[in-house]
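Colleague: Take these sequences, add in the hints, and give me the full structure.
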Amino acid sequence: MSTTGLGLDAGQIQAQATSARPVTGLRANIGRILRQRSALVGLIILALLFSIALFANFIAPYPETRSMLDLHEPGVHTRDAPCIHILGCPTTRAEHLFGLDGNARDEFSRVVYGARVSLVVGFTTVIWSILAGIIIGAIAGYVGGWIDNILMRIMDMLLAFPALLLAIVVVTVLGKGLTNAMLAIGIVAIPIYARVMRSSVLTVREQDYVTAARALGDNSLSILARRVIPNAITPIIVQGTLGVGTAVLEVAALSFIGLTAIAPAAEWGSMIAQERNQLFTSPLLVFIPGVFLTLTVLAFNLLGDGLRDAFDPRLAR
Amino acid sequence: MVQRPAWLTRSAMTMVAAILFVACAGPAATPSPATTPAATNPPTASGTPGQSSVPSSTPGMSPSGSPEASPSGSPEASPSAAPTGTPYPDSVVAASEPNSITDSYPNYGDPIDCAAGTWNGRPYSGTVKSITATDDHTVVFTLCAGDVAFLSKVAFSVFGINDSDYLIQHAAAGDLKDGMNGTGPYKLDQWQRGSELDFSRFDGYWGDPAVAATAVLKWIIEPAGRLQELQAGTTMGITNVGPTDFATVSGDPNLQLLQQGGLNTLYLGMNHNFAPWDNLDVRKAIAIGIDRQRIVDQYEPPGSEVATHFTPCSIAFACTGDDWPDTNVETAKQMIDDATNGAGIDTTLSYRNVARGYLPLPIDVATDMKEQLAAIDVRVTLDEQLSGTFIGNANSGALEGLFLLGWGADYPDVTNFLDYHFGSGCTSAFGDCYPEIFDPLKTGASSSSDADREAAYTEANNAIIANVPMVPISHSGFANAYLAGVDGAQASPLSNELLFAMTPPDGGDQIVFTQNAEPIGLYCADETDGESLRACEQSMQSLYGFKINSSEVEPSLATSCDANDDLSVWTCHLRDGVTFHDGSTFEAKDVIASFAAQWDAASALHVGNTGTFEYWGGLWGGELNPPGPCGLANTDPCPVTP
Amino acid sequence: MIRFIIRRLLASIPVLLGVVAIVFILARVVPGDPCIAALGEKASPATCFQFRARFGLNDPLPIQFVTYARDLLTGNLGESIRDGRPVTTILVERMPTTVELTFYALLFATTVGITLGIISAYKRNSIGDVGTMMIANLGVSVPVFVLGLFLAYVFAVVLKDSFLTLPPTGRLSPGFQPLPIAVAWGMPKLSGPVRTVLDFIGNMYTVNGLLTLNSRLFFDAIRHLILPAVALGTIPMAIIARMTRSSLLEVLGQDFVRTARAKGMRPRIVMFRHGLRNALLPVVTVIGLSIGALLSGAVLTETIFGLTGIGRTIYESITGFDYIVIQGMALLVALIYVAVNLVVDISYGFLDPRVRFS
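Protein chains in written order, with my numbering: chain P, 2 to 318; chain R, 1096 to 1737; chain U, 132 to 489.
Quick caveat, the hints were computed from the structure, so don't treat them as lab data.
Using N, Cα and C, we set each Cβ at its ideal position, and we do this for glycine too.
Among these hints, one or two may not hold up.
What the hints assert, rightly or not - Far from chain P, by Cβ distances over 12 Å, these chain R residues were calculated: (1) S1290; (2) G1299; (3) Q1355.
To be verified - Distance ranges between label pairs, derived from CB positions: (4) R134(U) to D209(P): 33 to 39 Å; (5) R134(U) to A1493(R): 58 to 64 Å; (6) L88(P) to S1523(R): 52 to 58 Å.
Claimed, not checked - Cβ-to-Cβ under 10 Å is the rule here; a few derived chain U residues that face chain P: (7) L188; (8) N189; (9) L278; (10) I435; (11) M460; (12) V474.
Modeller: Printed below as a string of structure tokens:
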């Protein structure tokens, strides 16, 4: 299972497909090693990205917003080509692995700091989305009745719009900005977690130990917190891992169409957008952040797949 | 089975209830529920007590103004306007009909009272007093005050002349914006929505015929996309080469690059109603604290220049007075530190991410400004706003921090730049108007003597430097690119490139030109975007026009327009033997109808795309029967804004 | 069966009503002034009031909603604030671009995706399998806008002047004017609904090319469609490939397949006769559900490749505060989405006898 940048995430598609499909057959084991290996690859990439993000101050030779024009070096101009000493760039010039961007800032430093933004964005978005989804799903599943009905109908309505379009509208309503973009992407993903949570609650609710707890006088809230949520957490973690990839991608997409407005901070999506019209003259400025963006999403997808294979009881049969 | 429909009905009803609830609760939460309905009262025929005889003048209603006045010639008409053609008929339709075309406008009600600023008891802020045809080839424009920019204004494509019958017919049908019936060298064959406009040579054109038999005007929004098409040879010319693509174009032997200094100004604004901009020393520090040369060198196309004055110097009287002071970062930092006891300033820098002629790379420039300001202890947070929000905030004076904005010329006259920003009715963006600046501007605008004007603008420009309402940054240049084989390639400072004068390469018979966007509508009297105007200019003509690649005026449908001594009466002699694309003959009544349609908000011809005819108000001060400040009728109350 | 369909139809009514309301409310709460957006920065407050009055935007929200709902019932989606044209006209004009793009993207996604899936399952754990799945993993992770820009760069710049070069923008070569179908068929005077339908179809240039036997038009349109369709279709392609593979592997592990194989049937026959037929069910679902994703992706794809379709129109109307167009387009997209879900559900019932219509 995996995520797409398109709004409707692949997890969602496949969750619907697989839930409709009777899962009776024996899962062939042969592909498992392959998949687990890819999960390992995902983990390694992620570890790398995390270290880059964590140690950005040490890795990046310049602050991400520092314009080389401020240094008053002669001959520096915006979008200067990369200067790498071991590849023959004269050592009299300062080294810039990926060259300079449109504001004469060191592209390498910006890419490095961009990792920080993307990871923070991905995790924050998913965590808030999961929290909201858990609450809504839990209430819907546990209380049932017309409240369940209304909540799930609202979730249906959210799903009735392609996610990116809905996110664009939400950002336009709330105003441009990274926080609002994260809020929007989060809102769009709520139904996925709410549904997972609700079905978990429905399954758990009728089980003996919950009935027992209720008979013993536990109130609803504590039953929810102590019995139901722990049982539902596994599928949510799996969904969430895939969701981080989606979130990174969608926030980048919003950045690309200019809705996050986080200049001068370094964010891969907006870095691509800003140099888009220079695609034919300075392609590196477009493709380097693009490659990092793809790698990040890929890593979360690979890891999410691996987690699902390892944890999802339905598929572990 | 019985239960299911019941369930569904229930949930459906819940939904409807929820919708109604939300829909009704919505406005209750908005600020002024009580005043909103009041603001939408339909205009009534009865005026307020003080204005009892005021006609409501909504289109289609007959006015209660005096119907007997059938002015056969405005008393103000210059006697020097000797008739050259056959006498013009008294009136085409009864004068009591406000929509009718007559030999003079306004053709109903009292004469306009310029001094009182009223007409028929209604306020009138416009500068046009009457437009009268003395014969079918002479039209006299009488103004409330002298206007040195008259020719530049009438040359603007917004005032293109339409056939009066065509106007009447298509205004009624409501499809003026979908087509054109002009007098120009190309006639419009079709508008393929979403892709291009197709023109063909008009054989009955009065001047030199179009070089190419057909012309195509298309559009691609992205500069990179336009360049691609040009490199592929599938278009022959493109507008606005991307700032980073200049080298690509000039290095390509198959292409030619035409650079042009732009008639625009980028400025860094600040509102002196807010602290710390109320401190003149702070404003003066900002004035010298920015390396404007660096902005021009790094972020603007070649051909751009650092602004020595607010108005670009190619405009007459623009650059009288002192040059803007030189950059001096150390002094600026010292001034900021002195003014703030060393604390520096924390503020925002607002901008919008919309590329404009005056600001091709908004984010890049804003980012660089931030860096530069930090060096003089002004720490700004970038505040990117949606375009509409940003302009609204600027115009209402709501931007408390610094802001990046600019101005592109509507018509090439110094009044167009200075009066809007610093005149007595100045924009609120910089806070209260500066009397030191608007006093000399008033003199400058109404004076016919060059010496007086020069003195006035010198004073105004120096007052701008002394008061620093904003910091002019640059006049951004631009370039168009063409295939090397195109003859007569153009880069117009007013962006009215005329396809009829371009020769396709290799003896081709079709010229293809790509601009930035699709026109919004083709009735340009009611359009403001350059893309619509460029489309109109291919087919429509005004009394005067602009020389190719220049902002100088030249006669077009008028062979000449002569002024009286104080520049308040202009007599235009119309060209003979001009026909419209539909075959009808060009006459004085067409001029009257074309102007009256824009001038009189109550006219049945006053229908375009938005119905606001903005440029009329912008260039001639105001409409006849103007909408009240807050509604269609002058008496409509204003909504209470939070 | 009929009852199942009716029930599904009824169940989508509350969702649709909700969508109508949400669209309306969202469109109203978009901050910013449609007047400034439409009239430009030089518009005065009085002008703006007048402007808003013309579109009923000064009315209280409930009145606006009633007007909106009433118009909706009569099929009137209102007029664009920006250029005063009816939204339905804009739809008829721009929809074909998106329909055509989506169709070719889906075509690419299914043919390539299923083929890759089959190869991968058939030769599982081979180099081909690993390679295919790597492509699928990468394909599902690469942002549409990065892929789009990359394709444009490679095929328009790197391969310029080679026979592989493809145009990076537009739908047809400049100056190439396709005739409306009605004109091509010798009925230029045709008007009314038939003309509208014909124009709509004719605006899908490849269809126009086929119907009017204009091969030049057809191939020119195809050339322009390749890059955007591949960019847009890559993610669904990757999902379909993975889905096909896993569902094939699952089916192949089932008893009846093993029986068939035990009977000595050749593996390839087993694969196609038993495996594929049964494995395609979930794939069909994925294809249906991808349509929503494609509509989202169309916003980015159309922006990058300069196509004036629904996606781009939505984006432009949102940034230009064109409420009326936002409403119309969002409603349309939601409708398509709900309808596609409906069709998927129903077709599932047809395809899989195990799914009961209860």
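Colleague: The structure should be examined with respect to each hint, and the outcome stated for every one.
Modeller: Hints, verified against the model:
At the 12 Å boundary, the C-beta of S1290(R) stays outside the reach of chain P, the nearest C-beta of that chain being 22 Å off. At roughly 43 Å, the least C-beta separation between G1299(R) and chain P is larger than 12 Å, which holds for a residue marked as non-interface. Distance check on Q1355(R): its Cβ is at least 20 Å (rounded) from any Cβ of chain P, clearing the 12 Å threshold; non-interface status holds. In this structure the supplied range 33 to 39 Å holds for R134(U) paired with D209(P), their Cβ-Cβ distance being about 36 Å.
Take R134(U) and A1493(R): their Cβ atoms lie about 60 Å apart, and the range 58 to 64 Å holds. As the Cβ distance of L88(P) to S1523(R) is approximately 56 Å, the hint placing it in 52 to 58 Å holds. About 16 Å separates the beta-carbon of L188(U) from the nearest beta-carbon of chain P, more than 10 Å, and the hint is not met. The beta carbon of N189(U) is not positioned within 10 Å of any beta carbon in chain P (closest approach about 20 Å), and the interface hint is therefore violated.
Given the 10 Å rule on beta carbons, the hint for L278(U) holds: about 8 Å separates it from the nearest Cβ of chain P. Below 10 Å, beta-carbon pairs count as interface contacts, and I435(U) has one with chain P at about 8 Å; its hint therefore holds. Against a cut-off of 10 Å between C-beta atoms, the interface hint on M460(U) holds, since the closest Cβ of chain P lies about 9 Å away. Look at V474(U): its Cβ only gets to about 14 Å from chain P, farther than 10 Å, so that hint breaks.
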